[in-house]
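Protein sequence lines, in the order shown, are assigned to chains A and B.
Here the first sequence is numbered in the working numbering, starting from 281 and rising by one per residue.
Here the second sequence is numbered in the working numbering, starting from 43 and rising by one per residue.
What the hints contain is simulated information worked out from the structure, not anything from laboratory work.
Take these hints with a grain of salt, some might be off.
To be verified - Computed list of lysine-lysine pairs in DSSO-like fashion (alpha-carbon distance at most 27 Å, straight line):
#1 B:K118 with B:K84
#2 B:K118 with A:K285
#3 A:K285 with B:K60
#4 B:K118 with B:K141
Here's the letter readout for the chains.
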Amino acid sequence: MGREKIREYANAIGVHADINHDREAARAAGFRDVVAPPTFAVVYSAGSVAAGVLDPELGIDLARMLHGSQEFVWGEPVCSGDTVTTTTTVADLYERAGMEFYVFESVSLNQDGQESVRGTWTNIVRAG
Amino acid sequence: MALDVGDSIPELRVTPDKYLPHRYAGASGDFNPIHIDTEFAKAVGLPSNILHGLYGMALVARAAVAAVDGDPRSLKRLSVQFRGMGLPEQEITVTGTVKEANAGQVVLAMEAEQGGNRIIRNAEAELALGPGE
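Produce the complete structure using the sequences and hints provided.
Rendered as structure tokens:
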């Protein structure tokens, strides 16, 4: 996790607190380094989820796909200097009202094996 | 600030500027052209380039954290449903009400609306309260 990437993301979503930008302020507040806003989870876990979305075996029609819903459950905060590893599984596949639902679950662990975040990503493919 | 069941949290009002989707694309790595290319977006039937849904989720998370102590560690869980499309250069309002309040924890029911269009619905945020709240 890079400090500048965390700052860039925080700026993009309008988060300007010192703990998200300044190392000393973050340390004074008990963090290892500049801390990422919770939804920074998207940045470090989406790559793993995308591999599932693009898996030819699933054959998702990307042109008709919508991101229907999203859940994150947070654990240990992510700070600059951390190394986070994300693993994604297909949690559920079903059809409802003529639409296909693809549910992925991602689990992200930091360098100490602590869970940073668990994401549930629901993609919907509209009837075409 | 004490939060009891039925209380509203302070609203968060944000007007994303014209270039916000470009900055969010760079920050997040999501360069889907529907977010950053107006001509492409119109060609696929959208009114203009649209905001990233996860940008809206980030605003909901901001409002939830601000409602307690501003410490991002307070936010334990957030689920959202993406509905209507968000557009640049129009004000977004994030609202929330307390659904459950127990010792040390609150659950907020939240949504994000833009020009009467509820772009994020049925959002639920679980927050842990720090000592003294």
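Structure-based check of all given hints:
1. For the proposed pair B:K118 and B:K84, the alpha carbon gap of about 38 Å is over 27 Å, so the pair is violated.
2. With a CA separation close to 23 Å, the supplied pair B:K118 and A:K285 stays within the 27 Å bound.
3. The hinted pair formed by A:K285 and B:K60 meets the criterion: a straight-line CA distance of about 22 Å does not exceed 27 Å.
4. The hinted pair formed by B:K118 and B:K141 meets the criterion: a straight-line CA distance of about 15 Å does not exceed 27 Å.
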